[in-house]
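Undergrad: Chains A and B supply the protein sequences, listed in that same order.
Anchor point for the first sequence: position 308 equals 308 in the numbering used here, and the numbering is continuous, going up by one each time.
Anchor point for the second sequence: position 258 equals 258 in the numbering used here, and the numbering is continuous, going up by one each time.
Take the hints with a grain of salt, since some may be wrong.
[Stated by the list, open to error] No more than 30 Å apart at the CA atoms, straight line, and that leaves these computed lysine-lysine pairs for DSSO-like:
| no. | chain 1 | residue 1 | chain 2 | residue 2 |
| --- | --- | --- | --- | --- |
| 1 | B | K238 | A | K133 |
| 2 | A | K135 | A | K110 |
| 3 | A | K110 | B | K238 |
| 4 | A | K133 | A | K170 |
| 5 | A | K173 | A | K287 |
| 6 | A | K133 | A | K173 |
| 7 | A | K156 | A | K212 |
| 8 | B | K283 | A | K135 |
| 9 | A | K180 | A | K156 |
[Stated by the list, open to error] Which chain B residues face chain A? A few, computed with CB under 10 Å, are given here:
| no. | residue |
| --- | --- |
| 10 | H8 |
| 11 | V11 |
| 12 | L15 |
| 13 | D180 |
| 14 | Q199 |
| 15 | V204 |
| 16 | P207 |
Since the hints were made in silico from the structure, they are not lab data.
Using N, Cα and C, we set each Cβ at its ideal position, and we do this for glycine too.
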Amino acid sequence: MSEECAVELRDVVKAFGPFVAVNHVSLQIRDGEFFSLLGPSGCGKTTSLRMIAGFEMPTSGHIYIGGAQQGYLPPNKRPVNTVFQQYALFPHMTVAQNVAFGLEMSHANKGEIGRRVHEALEMVHLGGLGTRKPKQLSGGQQQRVALARALVNRPKVLLLDEPLGALDLKLRKAMQIELKNLQEQVGITFIYVTHDQEEALTMSDRIAVMDKGQVLQVAEPEALYEQPTHRFTADFIGETNFIPARVAALSPTILVELAGGIRLPAGWVEPGIAVGDRVMLSVRPEKINLYEAHELEELTATTCRVRGVVERLVYVGTDTHHTVRLESGDRVVARLQNLHVDEEPWEMGEATTVQWEAAHGRVFKEA
Amino acid sequence: MQQFLRRHPAVQAWLLLSPGGLFLSVFFIAPLFIVLIYSFLQRGTYGGVVWQFTFENFRRVFDPLYFNTFLRSAYIAILTTFFCLLLGYPLAYFIASRSPRTRSLMLLALMIPFWTNFLIRTYAWLTLLRTNTGLINTALLSLGVIAAPLPLFGNDFAIIVGLVYGWLPVMVLPIYAALDRLDPSLIEAARDLYASSAQVFRRVIWPLSLPGVVAGSMLVFIPALGSFVTPAILGGGKSLMIGNIISNQFLAAHDWPFGSALSMLMMTLMLLGTLYYFRSTLKAEADA
Numbered sequence: 001m002s003e004e005c006a007v008e009l010r011d012v013v014k015a016f017g018p019f020v021a022v023n024h025v026s027l028q029i030r031d032g033e034f035f036s037l038l039g040p041s042g043c044g045k046t047t048s049l050r051m052i053a054g055f056e057m058p059t060s061g062h063i064y065i066g067g068a069q070q071g072y073l074p075p076n077k078r079p080v081n082t083v084f085q086q087y088a089l090f091p092h093m094t095v096a097q098n099v100a101f102g103l104e105m106s107h108a109n110k111g112e113i114g115r116r117v118h119e120a121l122e123m124v125h126l127g128g129l130g131t132r133k134p135k136q137l138s139g140g141q142q143q144r145v146a147l148a149r150a151l152v153n154r155p156k157v158l159l160l161d162e163p164l165g166a167l168d169l170k171l172r173k174a175m176q177i178e179l180k181n182l183q184e185q186v187g188i189t190f191i192y193v194t195h196d197q198e199e200a201l202t203m204s205d206r207i208a209v210m211d212k213g214q215v216l217q218v219a220e221p222e223a224l225y226e227q228p229t230h231r232f233t234a235d236f237i238g239e240t241n242f243i244p245a246r247v248a249a250l251s252p253t254i255l256v257e258l259a260g261g262i263r264l265p266a267g268w269v270e271p272g273i274a275v276g277d278r279v280m281l282s283v284r285p286e287k288i289n290l291y292e293a294h295e296l297e298e299l300t301a302t303t304c305r306v307r308g309v310v311e312r313l314v315y316v317g318t319d320t321h322h323t324v325r326l327e328s329g330d331r332v333v334a335r336l337q338n339l340h341v342d343e344e345p346w347e348m349g350e351a352t353t354v355q356w357e358a359a360h361g362r363v364f365k366e367a
Numbered sequence: 001m002q003q004f005l006r007r008h009p010a011v012q013a014w015l016l017l018s019p020g021g022l023f024l025s026v027f028f029i030a031p032l033f034i035v036l037i038y039s040f041l042q043r044g045t046y047g048g049v050v051w052q053f054t055f056e057n058f059r060r061v062f063d064p065l066y067f068n069t070f071l072r073s074a075y076i077a078i079l080t081t082f083f084c085l086l087l088g089y090p091l092a093y094f095i096a097s098r099s100p101r102t103r104s105l106m107l108l109a110l111m112i113p114f115w116t117n118f119l120i121r122t123y124a125w126l127t128l129l130r131t132n133t134g135l136i137n138t139a140l141l142s143l144g145v146i147a148a149p150l151p152l153f154g155n156d157f158a159i160i161v162g163l164v165y166g167w168l169p170v171m172v173l174p175i176y177a178a179l180d181r182l183d184p185s186l187i188e189a190a191r192d193l194y195a196s197s198a199q200v201f202r203r204v205i206w207p208l209s210l211p212g213v214v215a216g217s218m219l220v221f222i223p224a225l226g227s228f229v230t231p232a233i234l235g236g237g238k239s240l241m242i243g244n245i246i247s248n249q250f251l252a253a254h255d256w257p258f259g260s261a262l263s264m265l266m267m268t269l270m271l272l273g274t275l276y277y278f279r280s281t282l283k284a285e286a287d288a
């Protein structure tokens, strides 16, 4: 157990009757880190967070906060605070009373409470609103009160359970940046639960992708997007093309064979795959380019090239999504930026050649 | 017609109000006025009234003989409310924290006795509490736990037991409703902010369930104060409440004006209680 670990989960399992919500999860969250738990609903991310907070106790395994094993410590004895999904502000208290609650419970003296509540409200830009009731505030303001109420206690770790879920898109974007700034300013470890991959990519230092109670991959945002190690991660983070294939060779280079005998090199293969296995070749749409026959340069060993026909065009402003039907019968989407006005656009039914770098092709198990 | 009503919402409101309003005017407000007027008249020899204005009835109301009964009734009603709250709050809390299915079963179990005839239920307590032949005393005596029968009957204790038993459901229901509305994440938030279980209750659960507590207390206190059947049966003719005195004035003493004066005083007390209740619920709603 290293010193710079703010929170550590060691082989944690949480079962509700026959349902296993969290299945042997181990995580090491560094001090001062903005760490996200990302996954679809029911993946176990919120349950993991609730176990750190002490609202749920692990069925087996251990949780450490700041190096100390938490065991069955109740939430009020743990050095963490939570920002709840629906804020959970006390409706019968004013904003200032809400923010002061934690300090009162931990017996801070009156003068200090007043000063720190004031500071916390200033920090979230709610200076003049201390005497209001939560009901009199907008959703965004309530969100800030919830933040101030948690941060005023200067916890070792702040737990955030989809705190931006109830806000509209524009406010959410603004709050994402503000949250990240705030985290850097106070230097507290944030553990952030979200199902929104864009939100996680925008704010996090590192992300743990969860599915069906398990952590599939822990990585920095770029690594997660560029080098996913599970088919689920590749699919859940961003968009990708999956092309069914069969492994033709693993060394010296990885080669997969598409329908129709087309052989393509790939950059990475999931461990445990053998020659002859049915697999999925994944290539991100923005990594794929389209060329006309006369534009093609000589084929190198690190380039993938397949002929096809443009089947559909979807204009989305910054890009146009080109759906191409490959010779193999598979369809891929190529996302081409709309850079120049004078560029001659592709048309439906036009013959084309798709090309990508082998390094961008990642081979996953079929299921 | 429809268009006319849509254009004249006031007419529509009056049409909606008039059936109930008419009924209440004839059978509630008018009799109330009769009682009010009677309370300022003199008694007829064989019941009825003599049309002669007097304050005498109200002077007599404050005669210690009667006023003490008033105070005792209030005391019994307050104790009843207190014990209903003491028993009802934990029960409501328990029910509100069950699964939805268990909840409806428990609420049903709570309400079934309430739908049974009140008189029968009160007589049932009579068989339990009676001093010499009651089930409790007989059992305790034959088991040798006590040497002489306990004074369980014909006193304030018996009345309060009967009233608490009778009105417990109306205390539980509004508290249950308030607790049911309480967002469980508020409790978690308080725990998360270092509150102990006791502090969570005192700072979050209790203040947020207070509207239910006030409503339940009013719903118990008002009928308990005016109760008549329970003291008549379980008071054993020795321990009386103001409801019994009033009924005696009309049925036995043939002093209608004095009965009316007593009724008016009780009405006033209840009205004050109700006003207090509405004021506190309005305030609670403004806060929530």
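Undergrad: Would you mind marking each hint as holding or not holding in the structure?
TA: Cross-check of the supplied hints:
1. B:K238 / A:K133: violated, 54 Å
2. A:K135 / A:K110: holds, 26 Å
3. A:K110 / B:K238: violated, 57 Å
4. A:K133 / A:K170: holds, 25 Å
5. A:K173 / A:K287: Cα-Cα ~27 Å, so holds.
6. A:K133 / A:K173: holds, 26 Å
7. A:K156 / A:K212: This hinted pair holds, its Cα atoms lying about 29 Å apart.
8. B:K283 / A:K135: Holds. B:K283 to A:K135 sits at ~15 Å (cutoff 30 Å).
9. A:K180 / A:K156: holds, 17 Å
10. H8: violated, 35 Å
11. V11: violated, 36 Å
12. L15: With Cβ-Cβ at 36 Å, over 10 Å, it is violated.
13. D180: violated, 15 Å
14. Q199: Holds, because the Cβ-Cβ distance from B:Q199 to chain A comes to roughly 6 Å (cut-off 10 Å).
15. V204: holds, 6 Å
16. P207: Holds: closest Cβ of chain A sits about 5 Å from B:P207, inside 10 Å.
In summary, the numbered hints that this structure violates are 1, 3, 10, 11, 12 and 13.
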